[in-house]
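**Q** Each residue of the sequence shown is one higher than the last, beginning at 1 in our numbering.
No lab work stands behind these hints, which were simulated from the structure alone. Just so it is clear, CB atoms sit at the ideal spot from N, CA and C, and this is done for glycine as well. Incorrect hints may appear among the rest.
What the hints assert, rightly or not - Listed next, with one range per pair, are the computed distances between beta-carbon atoms:
(1) S865 with G222: 52 to 58 Å
(2) Q905 with Q867: 48 to 54 Å
(3) A669 with P298: 31 to 37 Å
(4) R141 with E670: 38 to 44 Å
(5) R434 with Y485: 29 to 35 Å
(6) S770 with T624: 45 to 51 Å
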Amino acid sequence: MRPLSWPHKLSSWFRLLLRRRELDSALDDELKFHVDSKTEENISKGMTQEEAQRSARIELGGAEQVKERVRSVRTGAWLETLLQDIRFGLRMLCKSPVFTSIAILTLALGVGANTAVFNLLRAVVFPSLSVPLPDEIFVLRGMQTPNDRAFLYSQPAFQRLRESTAAQVDGPRVAAHSALGEGELAAYSGAPVHPVSLQLVSTDFFSVLGVSALAGRVLDRGDDRASSHGWPVVLRHGFWQQHFNADPGILDRSQVLNGTLVSIVGVAARNFDGVIPGDAPDLWLPLEAQHDVRYVGPFDSPGDGSHKDLSKPYNQQSALFWLTLIARVPPGQAASALARWDAAFEPDREIYERFDSPEQKATAGKADFSILPAASNEGALSETYGKPLLVLMGMVGLLLLIACLNLANLQGTRMLRRSHEFAMRSALGASRLRLLQQIVAEIIPLGACGGLLSLGLAHLLGSALVRVSSDRPTHLNLRFGLDVYVFCSVSLLIALILFQILPARKFLFAETLPAVGLTSARGSIGARGSDGGDAMLGAQIALCVLLLSLAAMFVRTLKNLNGLNAGLDWRNILTVRFDFYNSNFGDAALATLYPQMLDSLRSLPGVRFAVQDMCPPPNCLWNTPVHAAGISGETESHQDDVGPGYFRAMGIPLLRGREFNNEDRPTTAEVAIVNRALARRLFGPNQDPVGHRVGFGKAPKDAAYLVVGEIADVLVDDLRRAPPPMIYLPVAQHFPTRGSLEVRTVNRASNTIASVRAALRAVDRQLPISTITPLDEAYAHTFQTQYLLARLTSAFGILAVVLAAIGGYGVQSFRVVRRTSEFGVRMALGASRGDVFAMVLGQALRVSAIGSSAGGVLAVVFSHSLQNLLFEVGDHGIGSWLLSSLILGGVSLLAAFVPARRAMQVDSAVALRHE
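With these hints in hand, go ahead and build the complete structure from the sequences.
**A** Structure, rendered in structure tokens:
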């Protein structure tokens, strides 16, 4: 007989599912026809009506047995059997609503948390661009700029590179974009101002990426100069929805951006958030608008910086590197495109060779172009959150395993209650494979409900994780892809196998199943727990101790960082930053403006100090080589230029000498103040640096600066590292018309932001105030990773303890019921109720002690691999392990307390009667 083709099989399956009653009715008619035909034949042989019908039915066999045999040979009969098993499983689950609810919620929480962290990890470490053919988009890499500004290019260089491949039809194309900048957007009519993030792009930026407009249009080649309506602007879809309520009437309406007239010409596609993972600009506008909108962002320049002028437009300055280049490179055209770009870049090599060191000049001369996928994992977001997310991935994996062990324990108790059922099924001829099929069918409804709920929970948890992971808006592509659905399905499948199949293994693979009639719900289990619950409960406790220990270590790390002596008092200080580089304020105006701003702030109630600072902490990364007169060699040091009273205002102790004062002017001798770290490196330990002379650059350059003071070390950048060498210069002698302001207040700094802003606006309403940030928040941002890990691991640890309590209570309760007869015999033989109580609690404590010991070993091992995320956790987590063990020991006792009291109340006579 030729087997059925797949179309016929599918047709038979659908007919079986959708027309089952019709098929059964036809089968009944056919059986009735056979019985009637045989009855008539028997009557013709001389039998009576009754004898003929009885003989026909005997010859056919039992009608129901015949129907079952016919159904079993139908195509898709297995599907009908599976549906029957699922219906039976649903009935069994409905009989245990508490277990079913706990199982579904636990699965959803465990699988959902794993899926959420996996999706976030994928978006951070392996980001994807929401553009057509994203695999063709690359970042152009050619020349590392002097200060390692991630391969930035000047605008003239970009134009030459773009023109080198522009003539090719369907060939490589180049576009450019800046880093994100800040601005203020308001309606032309003077409506409220919105702070916005902006990005300058080439006019072919959207066409190279293949991004279209949802409303209006995107930028094109004709937008390289402002029209009568101002510079064209394209909005991000999310910003359009949030600030303009998705109003299509906003198109072609005039707005004011940083004091410059702009016109909104379009809204970008819904899913397009830019090309920088995690950073989504609110709006895009042409590169040529840079000077008008006062944009200033990361830049670089060769040599000492004398080849650039930040007060002039960037677009014609060949020595000002500020653009990142992206390219769309069709398959197979990379080699030819790189050769063209390399040749077009030749005029710029001479500019790049104006570097200070011979090593940099050699690098400039041999640089070759390369391309890197635009959606790569080399960004700051991946560097900051990549490893913490891997740690969280491991922790939510542990949480899922704990949840599975918890459910396995509960499921094990259900399986023991159903041992009589399995024995009956086996006695009636059911094979182990058939029993396995029944068990698998029962978990399908659980898996379906838990899987759907976990996807919804993963979506909510993913958004929540993004919000708590950063104190600034972070835009990530968290839309679920095929890989996320596969990961969720595999996690769910593993969880179902762990908690459903493993507890049933003793019924499926035992040599003999329990004899019918010899099992009961109160069958005896010895003190060692032959039901296997102790092993799973011990493993669950071990994982809980590991998770709690890691959480405690991260909390200790955060506490240590918060209590760290940074060398200054960061409380009640505001840092005010300005953007004067592209403003209309000249040096002459700023020379009088800074004293006016300081006087206005000092006159505010609640303000103790207001000082000028060129490089505010904690991210003061202005490095320079420093040498001492008469001493060979130099030391790499941080540099900052500050105003009089700076160290007193910041709470930095003065160890020797004096602070800067109003007498340190451009016409007086040049002076400097060094910190202890720099003094030790230049002059040796315990040496007084006051009175010595220092200079910048490599010796034997002139050491023109007289050291007039020594201050304590200050932590900057990474608080876990040793304080770096630092040198301070009077701002009046170097940058009197530049820098930020530090404002120390009497009360909480964040409560004074509005009054500080108002005081500055009172001096000049056109002041380009960039940000006003409390210094304690700036320092807290440096350990944002530890803050994230401490919060999330603590939440996971608490949830693990709750699961351990549920699992422990369930196992101990069922065990007390199973050992009722044993307890009755013991008390009949003279054991007191206290002995029974101690027996139950003792067993719980033994399991807890063994699990805690195993968890402690794991915690010590894991603490070694997480050292770069921990800070001053010197005991390798042993203290955290002891605390976690005490917590789990207490939880185990509480979980066993109620079952133990129930065991004390067993009536020996009743127990023996049941036995």
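**Q** Would you mind marking each hint as holding or not holding in the structure?
**A** So, going through the hints one by one against the coordinates:
no., hint, in the structure
1, S865 with G222: 52 to 58 Å, "57 Å, holds"
2, Q905 with Q867: 48 to 54 Å, "52 Å, holds"
3, A669 with P298: 31 to 37 Å, "35 Å, holds"
4, R141 with E670: 38 to 44 Å, "41 Å, holds"
5, R434 with Y485: 29 to 35 Å, "32 Å, holds"
6, S770 with T624: 45 to 51 Å, "24 Å, violated"
Going down the numbered hints, you'll see the structure goes against just number 6.
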